[in-house]
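Q: Residue numbers (this note's numbering), protein chains in the order written: chain V, 1 to 113; chain E, 1 to 118.
Derived by calculation from the structure, the hints in this document are not laboratory data. Keep in mind that a hint or two might mislead.
List time: in silico BS3-like cross-link candidates among lysine-lysine, alpha-carbon distance up to 25 Å [claimed, not checked]:
1. V:69 x V:110
2. V:110 x V:58
3. E:95 x E:57
4. V:68 x V:58
5. V:49 x V:69
6. V:68 x V:49
7. V:58 x E:95
8. E:57 x V:49
9. V:49 x E:95
Stretch by stretch, here's where chain E covers chain V in the computed footprint (C-beta under 8 Å, at least three residues) [said to hold, decoys possible]:
10. 40-49
11. 100-111
Even for Gly, the Cβ is constructed at its ideal location relative to N, Cα and C.
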Amino acid sequence: AQSVTQLGSHVSVSEGALVLLRCNYSSSVPPYLFWYVQYPNQGLQLLLKYTTGATLVKGINGFEAEFKKSETSFHLTKPSAHMSDAAEYFCAVGTSGTYKYIFGTGTRLKVLA
Amino acid sequence: DSGVTQTPKHLITATGQRVTLRCSPRSGDLSVYWYQQSLDQGLQFLIQYYNGEERAKGNILERFSAQQFPDLHSELNLSSLELGDSALYFCASSKGLAGGLSSYNEQFFGPGTRLTVL
Numbered sequence: 001a002q003s004v005t006q007l008g009s010h011v012s013v014s015e016g017a018l019v020l021l022r023c024n025y026s027s028s029v030p031p032y033l034f035w036y037v038q039y040p041n042q043g044l045q046l047l048l049k050y051t052t053g054a055t056l057v058k059g060i061n062g063f064e065a066e067f068k069k070s071e072t073s074f075h076l077t078k079p080s081a082h083m084s085d086a087a088e089y090f091c092a093v094g095t096s097g098t099y100k101y102i103f104g105t106g107t108r109l110k111v112l113a
Numbered sequence: 001d002s003g004v005t006q007t008p009k010h011l012i013t014a015t016g017q018r019v020t021l022r023c024s025p026r027s028g029d030l031s032v033y034w035y036q037q038s039l040d041q042g043l044q045f046l047i048q049y050y051n052g053e054e055r056a057k058g059n060i061l062e063r064f065s066a067q068q069f070p071d072l073h074s075e076l077n078l079s080s081l082e083l084g085d086s087a088l089y090f091c092a093s094s095k096g097l098a099g100g101l102s103s104y105n106e107q108f109f110g111p112g113t114r115l116t117v118l
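Turn these sequences into a full structure, and let the hints steer you where they fit.
A: See below:
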């Protein structure tokens, strides 16, 4: 069975600082990994995804994530935080042959002026 | 705007009642997924339909049921409602089935229906 763990339900960073949101997964088969963002009172929007190939994945709004199989991690980073990045971020795992994604519990990012 | 629409946006009802949530997927998408988001349980997958057929079930209660119609819209029926059913219910759609390699499998989320059970 697959699972996802997001470390830190709340993360605060200063504007302009590095954003690092952590995600570890568990999967017995090669996973597909996703990061979604949820702004207040909105649905989830895909930031980026890893399926196969290059392990460093670039997404929208300057975010990127690196798939590290040896560490079973898919951490989300952004070099410089903007106020508009304040939102909740969800990591999700899916595997070929299944029809659902398993989401982590989410990390709420706060950006301080 | 993801292209997925959900109605109603808000729903307030009493315990023991039954409600129906509606979802229209993006044009061309065949898969519809339902998720429940609550403070204590996070984002939980409930059920998935593909082209009218149920394809996967998650943590869906027996009091809940869903269907996907020939025009591909989907409805989630919640009955004998309890206080604990208060949550945000999301619908998502994708072209194909989740978990595959292609871009077909990206899920696009609707804005959600906020259900409050009093």
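Q: Work down the list of hints and note, for each, if the structure agrees.
A: Results for each hint:
1. V:69 x V:110: 29 Å, violated
2. V:110 x V:58: Satisfied, since the Cα-Cα distance of roughly 22 Å is no more than 25 Å.
3. E:95 x E:57: 18 Å, holds
4. V:68 x V:58: Given that 25 Å is the threshold and the Cα spacing comes to 15 Å, the pair holds.
5. V:49 x V:69: OK: residue 49 of chain V and residue 69 of chain V at ~15 Å, within 25 Å.
6. V:68 x V:49: Holds - the C-alpha atoms of residue 49 of chain V and residue 68 of chain V are around 14 Å apart, at most 25 Å.
7. V:58 x E:95: 22 Å, holds
8. E:57 x V:49: Roughly 23 Å between the alpha carbons, so the hint for residue 57 of chain E and residue 49 of chain V holds.
9. V:49 x E:95: At roughly 16 Å apart (the allowed maximum being 25 Å), residue 95 of chain E and residue 49 of chain V satisfy the hint.
10. 40-49: As far as the stretch 40-49 of chain V goes, the hint holds, because 7 residues have Cβ atoms under 8 Å from chain E.
11. 100-111: With 7 residues closer than 8 Å to chain E, the stretch 100-111 of chain V meets the three-residue bar; holds.
Hint compliance for this structure: hint 1 is the single one not met.
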